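Peer 1: Protein sequence lines, in the order shown, are assigned to chains A and B.
The first sequence begins at 1 in this note's numbering and counts up by one.
The second sequence begins at 1001 in this note's numbering and counts up by one.
If you're looking for bench data, these hints aren't it; they were derived computationally from the structure.
Each hint should be verified, as a subset may be incorrect.
Under the rule of at most 27 Å between Cα atoms (straight-line distance), these lysine-lysine pairs were calculated in the DSSO-like manner [what the hints assert, rightly or not]:
| no. | chain 1 | residue 1 | chain 2 | residue 2 |
| --- | --- | --- | --- | --- |
| 1 | A | 33 | B | 1090 |
| 2 | B | 1090 | B | 1176 |
| 3 | A | 33 | B | 1033 |
| 4 | B | 1090 | B | 1033 |
| 5 | B | 1033 | A | 90 |
Quantities reported herein were computed from a predicted structural model and do not represent experimental measurements.
There are 2 protein chains.
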Amino acid sequence: MLHLQSESTARWLNQVDRHLDEVLIDHAHCERKAASTAMNLMTAYTEDRELCREMTRIIVEELEHFEMVLELLQRRGIPFRRLASGPYGKKLNGLIRSSEPDRAVDRLLVASLIEARSCERFSLLSEHIQAKDAELASFYASLFESEARHHTTYVRLAEHFAPRDAVRARLDQLSKCEADIIIEGCSLPRMHS
Amino acid sequence: MLHLQSESTARWLNQVDRHLDEVLIDHAHCERKAASTAMNLMTAYTEDRELCREMTRIIVEELEHFEMVLELLQRRGIPFRRLASGPYGKKLNGLIRSSEPDRAVDRLLVASLIEARSCERFSLLSEHIQAKDAELASFYASLFESEARHHTTYVRLAEHFAPRDAVRARLDQLSKCEADIIIEGCSLPRMHS
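One chain only, chain A, in its complex shape:
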């Protein structure tokens, strides 16, 4: 359902165990960035009525999550701060083709894959910390559904810009690249490291 071609490994969970605070701060940034991405897509393809409607929904949800993570940080006494970005988003965005309508397809599919990976990691994180941090486990379990829905929405919207078969083929290609980026990993502890 999520079109992912790799599973997150113990390497990432080790990073989470050693640097949970930093991963939580990064998660807040991820939610804000996800809202920002949806806003940029709405600006770029503003004549697409359904896209605007869906982007509005996604922006509102991501900003709610952003607030929720900020509140969680505050409750835990973790100061929110800027973080250097990991390479995940930059590498994925580097795969976006430059000419329209390919560009629209790729922007939407890259957004869909980021949502899918968040979804997979939220689920993994939730299970992993269940025994020692029930509040956090429950929080991540609660976010799972909306991230999965956003993934599906982005893939469906990509079909406004190319035939379904072409979109599926491109999603398969991009998803392979995404899996490689995840396997390569990153030494900074991040939600997508």
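On the provided structure of chain A, position chain B as indicated by the hints.
Peer 2: Below, chain B without anything else, positioned relative to chain A:
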């Protein structure tokens, strides 16, 4: 209350009378752009907790308004489309100083003045069309309050980056420039022409 130093004139109302459809389309774009501006401010000053909270509120409201204008266009059979931007936003953004924290002050005050001008024009438009288009008059009257509130919020947030006196002095300067831009006008029929 709105810190404006000029009133919109009959010149603008003439443009509205002759090109109402285009002004309505531009209004939809204005709402989307206002949401986008708030998102950019949240990205730039993300460590300011109150700013993030207020930007979230503004984004959600502006996107609601965007949807409302799109629905109004649809009901009236006016196709939504891209429009060349008028010079108003560009000229105002050109006044923003480049070094922080002045830049933050100016970005927030420019946003506050755009909200103030929208507020003034919504009110004027609402009165002007009351007799011949009660639905539209009522719609613009309903938007007045939130635009005025956004203006006040932006001015208050500017005081996170400079002392109150400095903010008021700068608001006065920028407001004079804004008044000049409005007096100069623009031949394209726009919400801020």
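Peer 1: Run every hint past the structure and note whether it holds.
Peer 2: Against the structure, the hints come out as follows:
no., hint, result
1, A:33 <-> B:1090, "holds, 25 Å"
2, B:1090 <-> B:1176, "holds, 16 Å"
3, A:33 <-> B:1033, "holds, 17 Å"
4, B:1090 <-> B:1033, "holds, 12 Å"
5, B:1033 <-> A:90, "holds, 25 Å"
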